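Number of protein chains: 2
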Amino acid sequence: MRIALDAMGGDDAPGPIVAGAVKAVAADPELHVLLVGDRAQIEPCFPPGTFPNDRLEIFHCTQVITMEETPVLALRKKPDNSISRCWQLLAERKVEAIVSAGNTGAMVAGGLRLRRFLKNVRRPGIAAVMPSLRGPCVLLDVGANVNPKPTHLFQYGIMGSIFARHILQRDRPTIGLMNIGSEEQKGHDLAKETHALFNSSHLREQFIGNVEGRDINRGACDVVVTDGFVGNVVLKVSEGVFDFAMKMAAKDVLGALDAERPRAQQALQALVERYDYSSQGGAPLLGIDGICIICHGSSGDQAIKNALGMAARYTKAKLNELIVQELELEASTQTEDEDAV
Amino acid sequence: MRIALDAMGGDDAPGPIVAGAVKAVAADPELHVLLVGDRAQIEPCFPPGTFPNDRLEIFHCTQVITMEETPVLALRKKPDNSISRCWQLLAERKVEAIVSAGNTGAMVAGGLRLRRFLKNVRRPGIAAVMPSLRGPCVLLDVGANVNPKPTHLFQYGIMGSIFARHILQRDRPTIGLMNIGSEEQKGHDLAKETHALFNSSHLREQFIGNVEGRDINRGACDVVVTDGFVGNVVLKVSEGVFDFAMKMAAKDVLGALDAERPRAQQALQALVERYDYSSQGGAPLLGIDGICIICHGSSGDQAIKNALGMAARYTKAKLNELIVQELELEASTQTEDEDAV
Numbered sequence: 000m001r002i003a004l005d006a007m008g009g010d011d012a013p014g015p016i017v018a019g020a021v022k023a024v025a026a027d028p029e030l031h032v033l034l035v036g037d038r039a040q041i042e043p044c045f046p047p048g049t050f051p052n053d054r055l056e057i058f059h060c061t062q063v064i065t066m067e068e069t070p071v072l073a074l075r076k077k078p079d080n081s082i083s084r085c086w087q088l089l090a091e092r093k094v095e096a097i098v099s100a101g102n103t104g105a106m107v108a109g110g111l112r113l114r115r116f117l118k119n120v121r122r123p124g125i126a127a128v129m130p131s132l133r134g135p136c137v138l139l140d141v142g143a144n145v146n147p148k149p150t151h152l153f154q155y156g157i158m159g160s161i162f163a164r165h166i167l168q169r170d171r172p173t174i175g176l177m178n179i180g181s182e183e184q185k186g187h188d189l190a191k192e193t194h195a196l197f198n199s200s201h202l203r204e205q206f207i208g209n210v211e212g213r214d215i216n217r218g219a220c221d222v223v224v225t226d227g228f229v230g231n232v233v234l235k236v237s238e239g240v241f242d243f244a245m246k247m248a249a250k251d252v253l254g255a256l257d258a259e260r261p262r263a264q265q266a267l268q269a270l271v272e273r274y275d276y277s278s279q280g281g282a283p284l285l286g287i288d289g290i291c292i293i294c295h296g297s298s299g300d301q302a303i304k305n306a307l308g309m310a311a312r313y314t315k316a317k318l319n320e321l322i323v324q325e326l327e328l329e330a331s332t333q334t335e336d337e338d339a340v
Numbered sequence: 000m001r002i003a004l005d006a007m008g009g010d011d012a013p014g015p016i017v018a019g020a021v022k023a024v025a026a027d028p029e030l031h032v033l034l035v036g037d038r039a040q041i042e043p044c045f046p047p048g049t050f051p052n053d054r055l056e057i058f059h060c061t062q063v064i065t066m067e068e069t070p071v072l073a074l075r076k077k078p079d080n081s082i083s084r085c086w087q088l089l090a091e092r093k094v095e096a097i098v099s100a101g102n103t104g105a106m107v108a109g110g111l112r113l114r115r116f117l118k119n120v121r122r123p124g125i126a127a128v129m130p131s132l133r134g135p136c137v138l139l140d141v142g143a144n145v146n147p148k149p150t151h152l153f154q155y156g157i158m159g160s161i162f163a164r165h166i167l168q169r170d171r172p173t174i175g176l177m178n179i180g181s182e183e184q185k186g187h188d189l190a191k192e193t194h195a196l197f198n199s200s201h202l203r204e205q206f207i208g209n210v211e212g213r214d215i216n217r218g219a220c221d222v223v224v225t226d227g228f229v230g231n232v233v234l235k236v237s238e239g240v241f242d243f244a245m246k247m248a249a250k251d252v253l254g255a256l257d258a259e260r261p262r263a264q265q266a267l268q269a270l271v272e273r274y275d276y277s278s279q280g281g282a283p284l285l286g287i288d289g290i291c292i293i294c295h296g297s298s299g300d301q302a303i304k305n306a307l308g309m310a311a312r313y314t315k316a317k318l319n320e321l322i323v324q325e326l327e328l329e330a331s332t333q334t335e336d337e338d339a340v
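Same order as they appear, the protein sequences are chains F and D.
Just so we're aligned, residue 0 is where the first sequence starts under numbering that gives the first Met the number 0, counting upward by one.
Just so we're aligned, residue 0 is where the second sequence starts under numbering that gives the first Met the number 0, counting upward by one.
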């Protein structure tokens, strides 16, 4: 299993990125990581005795796209940037997966530019795993596609459902459409047309209709489908509110205690870490021919290690083969329906 | 101060609605409430000895729009419904404010239908007060306008800023545009065009540019502007995540304690109540000539009492006069700019 890791992407890169790669190869004997970036900056980050290593390789390149740069412009102006080199390695099948904590927009734009989508996929989407009272659920798209068509959202339902079944282990995943009310005629045209599309598809049994913002954490369904603008806002609002709630709990609840305060503090800290959005490992860009994991800019070594593990797991689960099969089925159903009309 | 209260709107109406009105008039000697709805259902809800009362009146009507009905259709089919009657009382200047915990869509549609907007207002927007680490901020629109134009969002910035100054007591409110990244060129066309509009206006000094989902609770700015779809999702996601976080804290933190558990439980319960979205009192529909407060469907008597108090406060603060002045100023600036070109 070979993975290209963008060593230059992330708020504190390359330090924690390199450290994460070292941890990941130590934990998984089948893993081979290509650190993509400036050799002169990467090499000094290896802890003593960890490099050279026959499963850690540097793929040298000279340029970096920063977090603030406009993705499309930056990709054009900097041909030797680490993100483009990762995509190139994937396109040439020199690696099976790529991982980056760098500029999300550039990562997505790099993939769109290459157009190495799975067969029948119209537009890839980023899937984020969200916590709920009934276990994790998957929300997509969280930022790849801010102007989607109803068919894009419908395909996110298909891909999300496969993800929920094979990664989150849900037998028969339910799918909800993010909207501002439960009634069918609610929301903007995109929501209404997507709703109709699900209801007339082979997914209609799994489709529970519209869900609202508060339904995600209640665990109302296993897959929540939305456009990349709303999904990105939802992801970041969730992060912000959880952080706010934990800070308030620390102030008010811990502040009310005496002897048992350390115990409460420990429990609260464990809770914060469990739902820390930046340590989750990353979010897959589904629909790409190959595995692509996008990590939080603030990812530390543990998050990078988790993301590499995630990439390896998705490859083993043959997620992409399953997506292709399901989309083939959908395409053939559509043709039959059209014939019947 | 006369307020029309939709006695039939709300999950458990009219019980808690009537109880809220009774509490509100007891607390404010200047308040006069017209309970709008079915007299036969309203009268039995008065606690013994509270009715008749010269500051509590029933305005009888026969129909009710339920939570599940399609707003525009329901308004047409049920001319004698309590929401339309409230709007009518406002239009005839028989009341200064209206309050409802009923079907939000019908409440907004009723107002749009009447078109009793403040001078120069293009589209009203619902403002919600959100908690942050640096005190409350205002988010708008949270559901009145799901397909806004950039000028609508710009006006939400103006109205939100006046709200923040005169209701939240912020000296010089800052305004942020909800987006999926901080860079100017981020997001969809609506976001980009609105960004440009703020930057070329007299609000440019107050405009801090794009804000992301996690910035709301951090208190990055006093006013967050967005479309009604995103705003509604943000409001409900916030409610859902806060609820989730409190449930997790109750389980994990309280579960770790012994003797001091009751004390921690009390502190946590106080925290939950402080940020209970359904007890906040309601959200004003800004831009209407008159005060219109929209409450959570699950509002109890305390929430209704708070909403009535809120309506009275906004009327006294002359919020609408200030909005009209500011929009006049903006309109004259635009004309000057155009003349200068």
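FYI, nobody ran anything at the bench for these hints, they're computed from the structure.
Misleading hints may appear alongside valid ones.
Repeated chains share a single entry, so a pair holds when one copy, or any two copies, can fit it.
As the list claims (entries may be wrong) - Mimicking DMTMM-like on lysine to aspartate or glutamate, the simulated pairs with C-alpha atoms at most 25 Å apart in a straight line are: (1) Lys315 with Glu182; (2) Lys76 with Asp188; (3) Lys76 with Glu182; (4) Lys191 with Asp11; (5) Lys77 with Glu183; (6) Lys246 with Glu327; (7) Lys77 with Asp11; (8) Lys246 with Asp275; (9) Lys246 with Glu67.
Bear in mind the structure is a predicted one, so any value in this text is a computation, not a measurement.
Margin query: Checking each numbered hint in turn, tell me which of them this model violates, lowest number first.
Written below: 1, 4, 6, 9
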